[in-house]
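Student: These are the residues of each chain, in order.
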Amino acid sequence: MSRIDFDALINKHPESEQALRELETWMKDHGDPKVIYPKDVARQVQDVDPVALVKALMLLVEEGELRRLFKVEDPNGVLTNDVYDDIGKIPEKLPDRNENYFEIANYDVVPIFEKVA
Amino acid sequence: MSNYEEIDDALSLVKNLSTFEQIQDLLRKRKTPGQKDVLISAGNKDELVDRNLRQAIDARAIKVDEVFELIQSAEENGSQHIFYYKPKTKRIAEAITLESIARQLWGAKWKETVDKFPAIRLRPNQYIRSDFRKYVKWSLRERPDESRDWILKVYGQTSITRFTGQVKSAGANGFWRQYVEEPLRIVLLARWNSPDLLELRVQRNESRNRIEEWHNKLWEMLRPALIPSQFDAWELSKAMTKLILEQTKNSAAYNFRDASVIDQTGVHASFQTYSDQGNLFASNETRDSIENYLQAKSECNGLTVTWLKGLGKPPIPQKDIRTLLGARKSHEIIALANCASEDLDHVADRLRRFNK
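Protein chains in written order, with numbering that gives the first Met the number 0: chain A, 0 to 116; chain B, 0 to 355.
To be clear, the hints were calculated from the coordinates, so they are not data collected in a lab. Ideal Cβ placement from N, Cα and C applies to all residues, glycine included. Be careful, since some hints might not be right.
To be verified - Simulated pairs of lysine to any residue, SDA-like, Cα-Cα distance not exceeding 20 Å:
1) A:K92 - B:K14
2) B:K167 - A:E102
3) B:K328 - A:Y100
4) B:K14 - B:A118
Unchecked claim - Sample of chain A residues with no beta-carbon within 12 Å of chain B, all distances over it, derived:
5) D6
6) E61
7) R67
Here chain A stands alone, though its shape is the one from the complex (with noise of 0.2 Å):
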């Protein structure tokens, strides 16, 4: 899998330096991931505001680095198992991580990243 070239990356777009940054040294720390979770990064990267790291994030997905797909946190406050690539696909009941499917009317559907091969 290729690394990203975070100084190109920053060079086209300076104002999201440091959430860049932050981003590739998260990367690295962690064995550069195929999947990134936003809420598990901004837990350990405090140091940048959430949604310069989101905007960092959706650079990587302009860029062609990353693929944005979409989870729903089910009632415990965990991601499910199911992965969606257009919000618009997500079924009204999803199962929870013990197969109790619930309405995900009330429920936040949020963002992931998964690397590009």
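Following the hints, position chain B against chain A.
Tutor: Coordinates of chain B only, in the frame set by chain A:
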């Protein structure tokens, strides 16, 4: 199966059940140099099945049996609830052979019936036995005659009423909710995993009532050959505890994502990683907490295990496979995604080892 003519139905099932990659893999296996009837590339799944696969079958580059194997692989393994049972006595276990079961289900002329399998067509609002065959585990592939395993497959079809999510206002105090009637294809499977394990597999569904109904239906379809009173539920609590306590020395084989325990005073504690790919024991605090619970004679009543891709050739499991153990009942697991038959055998073998 050789007299089976309903190729349109089979192709339609392949389209619904198999992934683009699985179909391409089958085509690739038969693509030899100079073989012009086997095309691999296609713009979409319809084209891949209706043009490429059909053309390969028509040219006899791919046998109809191979198409059935593709269907079997897609619908029989994974994305299922599996209920485990053990025969109450060794004598019962030894009597469970393919021939004895077939005789009791179809009488003396059972071979005539079984030779016509697999049946593909569904009958509305009915359950039918659609396949009954010998199954050879990977470990016996060089000695298939020694296999005592078999599979009974049951198809059913029913209509379900589903809320579409559309709500329209109808006057000051009323509204309309839109429901649609849809057919639901049901695939149930009984798998004798010799020497001593009966697996009843039913597909996942949002309704627990349906899961229970299908589980009971499968027992009904096994009558009079097998009845519930001949078996004990094979409870997995011991296996779950051992899996946790022995994870460190088996870290290349499996890890956990979620666990729930009940202590001796009845307190329930659940541990879950945030991400669905997470490893619960990546946190030392969580590992210590769960181990402390179990060392204090608490009981584990639910464990999501990720069985890691094997290191052999071919690898078994072929890919990481995630199972929820003790799903709703202590002898029930859920295989959360489709997988290879060998992968589910691997899970059953591991559970046998850890449940001693």
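Student: Determine for every hint whether it applies to the structure shown.
Tutor: Going down the list of hints, with the structure as the test:
Note on K92 of chain A and K14 of chain B: the hinted pairing is violated, with a Cα-Cα distance of about 25 Å set against a maximum of 20 Å. As the CA atoms of K167 of chain B and E102 of chain A are separated by approximately 19 Å, the hinted pair is consistent with the 20 Å bound. A hinted pair counts as satisfied when its Cα atoms are at most 20 Å apart, and K328 of chain B with Y100 of chain A qualifies at roughly 17 Å. Taking the CA atoms of K14 of chain B and A118 of chain B, the gap is about 17 Å. The hint holds against a cut of 20 Å.
Distance check for D6 of chain A against chain B: the nearest CB is about 28 Å away, which clears 12 Å, and the non-interface claim stands. The non-interface label for E61 of chain A is consistent with chain B: the shortest C-beta to C-beta separation is roughly 24 Å, beyond 12 Å. Every CB of chain B lies more than 12 Å from the CB of R67 of chain A, the least distance being 16 Å, so the non-interface label holds.
When the structure is compared with the earlier hints, a violation turns up for hint 1 alone.
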